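Undergrad: Listed here are the chains, written in short residue letters.
Protein chains: 2
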Amino acid sequence: MRSYLEAVQFHGHSCPGLAMGYRMTKAALDHFSHGRAEDEELVAIVENDACGTDAVQVLSGCTFGKGNLIFKDHGKMVYTFYNRNSGKAIRISRPAEFKETLNHIDLSREEMIDWILSVSEVEIVKLVEIKIPEPEFARILKTVICEYCGETVTETRVHELNGKISCIPCFKKQNKQIIKQGEQQK
Amino acid sequence: MRSYLEAVQFHGHSCPGLAMGYRMTKAALDHFSHGRAEDEELVAIVENDACGTDAVQVLSGCTFGKGNLIFKDHGKMVYTFYNRNSGKAIRISRPAEFKETLNHIDLSREEMIDWILSVSEVEIVKLVEIKIPEPEFARILKTVICEYCGETVTETRVHELNGKISCIPCFKKQNKQIIKQGEQQK
Numbered sequence: 001m002r003s004y005l006e007a008v009q010f011h012g013h014s015c016p017g018l019a020m021g022y023r024m025t026k027a028a029l030d031h032f033s034h035g036r037a038e039d040e041e042l043v044a045i046v047e048n049d050a051c052g053t054d055a056v057q058v059l060s061g062c063t064f065g066k067g068n069l070i071f072k073d074h075g076k077m078v079y080t081f082y083n084r085n086s087g088k089a090i091r092i093s094r095p096a097e098f099k100e101t102l103n104h105i106d107l108s109r110e111e112m113i114d115w116i117l118s119v120s121e122v123e124i125v126k127l128v129e130i131k132i133p134e135p136e137f138a139r140i141l142k143t144v145i146c147e148y149c150g151e152t153v154t155e156t157r158v159h160e161l162n163g164k165i166s167c168i169p170c171f172k173k174q175n176k177q178i179i180k181q182g183e184q185q186k
Numbered sequence: 001m002r003s004y005l006e007a008v009q010f011h012g013h014s015c016p017g018l019a020m021g022y023r024m025t026k027a028a029l030d031h032f033s034h035g036r037a038e039d040e041e042l043v044a045i046v047e048n049d050a051c052g053t054d055a056v057q058v059l060s061g062c063t064f065g066k067g068n069l070i071f072k073d074h075g076k077m078v079y080t081f082y083n084r085n086s087g088k089a090i091r092i093s094r095p096a097e098f099k100e101t102l103n104h105i106d107l108s109r110e111e112m113i114d115w116i117l118s119v120s121e122v123e124i125v126k127l128v129e130i131k132i133p134e135p136e137f138a139r140i141l142k143t144v145i146c147e148y149c150g151e152t153v154t155e156t157r158v159h160e161l162n163g164k165i166s167c168i169p170c171f172k173k174q175n176k177q178i179i180k181q182g183e184q185q186k
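Protein chains in written order, with the numbering used here: chain A, 1 to 186; chain B, 1 to 186.
Because the hints were derived from the structure by calculation, they are not lab data. A few of these clues could be false.
Stated by the list, open to error - With a Cα cut of at most 30 Å, we get these calculated DSSO-like pairs of lysine-lysine:
no., chain 1, residue 1, chain 2, residue 2
1, A, 173, B, 131
2, A, 176, B, 72
3, A, 173, B, 142
4, B, 173, A, 88
5, B, 180, A, 88
6, B, 180, A, 131
7, B, 172, A, 126
8, A, 172, B, 164
9, A, 126, A, 142
10, A, 88, B, 172
11, B, 173, B, 186
12, B, 142, B, 164
13, B, 142, B, 172
14, B, 173, A, 72
15, A, 72, B, 186
16, B, 164, A, 126
17, B, 126, A, 72
18, B, 72, A, 172
19, B, 186, B, 164
20, B, 88, B, 99
Stated by the list, open to error - Partial selection, computed: residues in chain A whose CB lies under 10 Å from chain B:
no., residue
21, 135
22, 138
23, 179
Small disclaimer: the values here were computed from a predicted structure and weren't measured. A virtual CB, placed ideally from N, CA and C, is assigned to each residue, including glycine.
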């Protein structure tokens, strides 16, 4: 298991959110008895993009660039992990009492980090087995050339513009020019 | 500067895309004479979420969980780096001849990785200084309690439902139930 220090080295600094993400991800990996994902053996569905998700990336190997970190912008510190080997999924959140506990302890930022890293798991992690459909594998797509800028672009991210293949930025640029020309002709 | 090996350890495996991301990010940091971002000193705007972006995260410190990795889903291997200290921005892509070069070399996957890591920068990296407005800083938002599930949620990600605060998943679940009830009453 990668250490909290390794998560800090990746994130750039230590903070309570990162420490919380570390405890939540550690709980998930312990539950699955699973090591870090070299490829897509594990999938993480994260419901925010806050500090803790960097701990998810470091510990679980579910990373932004590997297609096994799925972002749902719900503003919630909730991570769902899917294990492709077993077909099992778990939802990791904080216990209902957690916010209440925070209101009753008066700690500095550093003390808070230490507390999160050392408190018993049951006090800060709620783990529930759930059933979800297996997430799709990341696809390797063909690239084509944008006929406006000449740069390569994934085939599923192109528009057709005046009979030519266009990437999204060129499409937007051309459309802006067309609107501008239209306004000048008025 | 973090090594390619460190990028591999984070990504989980070595591949041509990661090696390319490594060269492109290294070129950016060298150009800025900038170390890894501990906080938000650097911002990366990435135009795909493929392997190379894991090298962006490891080398530049612009990470998914820190708010300084901005994803524009254009399907293009193009990274724009903004340096908050100098206000300068650079756009990193591959030279126009790059795809042509690839067509003329016949290499195994491992040889391709070695080639990408060792070829001179001018052959695989195109770096252009550009002007862009300073990206916004990540905001730390208040959290509120969803009155349906009792979980905490960022205040900007809530709905109001029957006069109560609802997180997005609960809002969707309630709406599904309402639609289902309506269909049963027909």
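Undergrad: Go through the numbered hints given earlier and state which of them the structure violates, listing their numbers in rising order.
TA: Those not satisfied are hints 3, 8, 9, 15, 17, 21 and 23.
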